[in-house]
Amino acid sequence: MPDSWIVLSLCSVIFFIGLFGVLVRRNVLILMMCIELMLNAVNLTFVAYARQLGDLSGQMAVFFIITVAAAEAAVGLGLVVALYRTLRTVDTDDIRLLRG
Amino acid sequence: MNALAFFFYLFAALAIGFSLLVVLKKNPVASAFSLVMVFFSFAGIYALMGAHLIAALQILVYAGAIMVLFIFVIMLINADAPSFDLGRTGFLARFVAGLLAFVLFGFFVWAFKNSPQKLLPGRFSPEFIEQAGGNTRILSELMFSEWILPFELTSVLLLGGIVGAVALAKRNKEGQGGTHA
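Here the protein sequences line up with chains R and G, keeping their order. This note's numbering puts the first residue of the first sequence at 1, with every later residue one more than the last. This note's numbering puts the first residue of the second sequence at 1, with every later residue one more than the last.
It should be emphasised that the hints constitute simulated quantities derived from the structure, not laboratory data. Ideal placement from N, C-alpha and C gives every residue a C-beta, glycine not left out. Hints should not be assumed to be uniformly reliable.
Computed beta-carbon distance windows for the label pairs [as the list claims (entries may be wrong)]:
no., chain 1, residue 1, chain 2, residue 2, range
1, R, I65, G, G17, 21 to 29 Å
2, R, R96, G, A132, 50 to 58 Å
3, R, M1, G, L99, 44 to 52 Å
4, G, F7, R, R96, 42 to 50 Å
5, G, R94, R, G54, 41 to 49 Å
6, G, R123, R, L79, 36 to 44 Å
7, G, A56, R, V42, 14 to 22 Å
8, R, I95, G, R123, 49 to 57 Å
Incomplete in silico selection of chain G near chain R, CB under 7 Å [stated by the list, open to error]:
no., residue
9, A3
10, A5
11, M49
12, G122
13, F124
Chain G stretches covered by chain R per the calculated footprint, using a threshold of three residues with CB under 8 Å from any CB of chain R [claimed, not checked]:
no., stretch
14, 9-20
15, 23-37
16, 52-60
17, 91-99
18, 149-161
Hey, can you work out the whole structure from these sequences and the hints?
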């Protein structure tokens with residue numbers, strides 16, 4: 001198994017890919033997929049540090065992050081469905097109800 | 001290079017490649033299936049690092065439950081409009097942004113590589129985990145002793161998530177889905 005810094009570098013690569021997707025894409029569903037990608041990168045960071053430091057609290061934190069991600073996906077996709085029912089679009093450029 | 005390192009690099013390459021596909025594919029269904037492959041690669045990396053319970057949960061919760069939700073919503077709302085937008089910036093801005101991103105990534109790698117490796121050694125060394133009955137057993141015992149309060153609060157969170165999702169996705173009877181709800 002490689003050293004910890006290689007794993008952490010992989011985590012930062014995946015996190016930045018997810019951040020790039022959040023900034024570039026305009027589809028709300030793909031924005032949520034990129035958020036899941038970033039959450040996964042953070043999970044892998046927790047596991048890498050748990051292994052490096054010999055402390056399983058990191059893996060417990062991953063357990064709770066997975067739970068929060070599941071709740072977030074359920075509520076977020078409910079929001080997407082409500083949004084599509086209201087505006088007939090999932091493009092973030094077309095969501096400007098508050099602009100009048 | 002031993003087998004563990006080989007499989008780690010294999011899964012890492014798969015994870016990076018498929019997460020790029022998640023961002024770059026125009027079709028949401030293709031993005032969703034690439035995301036499934038990213039989740040499986042991450043589960044493989046967790047298993048290689050000895051986090052067996054996390055690997056199983058990754059496949060069950062992420063690749064199972066969350067991705068089914070995503071694909072269900074994609075097919076429900078049929079959003080097939082291509083939505084890739086790089087066109088607002090000039091070439092020079094894009095070049096500088098990419099260069100700065102690489103510099104920042106270089107800083108990250110440098111910081112990870114030069115951080116102190118020998119901090120306080122925790123009590124869960126691999127030998128200890130092996131002797132005490134494995135990763136899943138220790139994690140379960142921790143969950144129901146030291147982490148019992150966050151574990152119980154998780155059930156409250158999930159209840160709130162269920163109520164919120166139902167309340168958001170419920171059809172409004174009076175409005176009948178008007179354009180400005």
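Verification of the hints:
1. Hint check: I65/R to G17/G, Cβ distance near 24 Å, so the stated range 21 to 29 Å holds.
2. Between R96/R and A132/G, the C-beta spacing of about 57 Å keeps the proposed range 50 to 58 Å intact.
3. For M1/R and L99/G, the Cβ-Cβ distance of about 33 Å falls outside the hinted range of 44 to 52 Å, so the restraint is violated.
4. In this structure the supplied range 42 to 50 Å holds for F7/G paired with R96/R, their Cβ-Cβ distance being about 48 Å.
5. In this structure the hint that R94/G and G54/R lie 41 to 49 Å apart at CB holds, the actual value being about 43 Å.
6. Distance hint check for R123/G and L79/R: the Cβ-Cβ separation is about 43 Å, which falls inside the suggested range of 36 to 44 Å.
7. Separation of A56/G from V42/R is about 19 Å and conforms to the stated range, judged on CB atoms against 14 to 22 Å.
8. Between I95/R and R123/G the beta carbon distance is about 50 Å. The supplied range of 49 to 57 Å therefore holds.
9. Given hint, A3/G at the interface with chain R, is violated; its Cβ is 10 Å from that chain's nearest Cβ, farther than 7 Å.
10. A hinted interface residue such as A5/G counts as satisfied when its beta carbon comes closer than 7 Å to some beta carbon of chain R; here the least separation is about 5 Å, so the hint holds.
11. A least Cβ separation of about 5 Å between M49/G and chain R falls short of the 7 Å threshold, and the interface hint therefore holds.
12. Proximity of G122/G to chain R holds as hinted, the smallest CB-CB distance being about 3 Å (cut-off 7 Å).
13. The beta carbon of F124/G is positioned within 7 Å of a beta carbon in chain R (closest approach about 5 Å), and the interface hint is therefore held.
14. For the stretch 9-20 of chain G, the proposed coverage by chain R is satisfied: 6 residues have a C-beta within less than 8 Å of a C-beta in that chain, meeting the threshold of three.
15. Given a C-beta distance limit of less than 8 Å, the hint that chain R covers the stretch 23-37 of chain G holds, as 5 residues qualify and 3 suffice.
16. Only when three residues or more bring their CB closer than 8 Å to a CB of chain R does the claim for the stretch 52-60 of chain G stand; here the count is 4, and the claim holds.
17. Requiring three or more residues with a Cβ within less than 8 Å of a Cβ of chain R, the coverage given for the stretch 91-99 of chain G is violated, as only 0 such residues are present.
18. Coverage of a stretch by a chain is defined here by at least three residues with a beta carbon nearer than 8 Å to that chain's beta carbons; for the stretch 149-161 of chain G and chain R the count is 6, and the condition holds.
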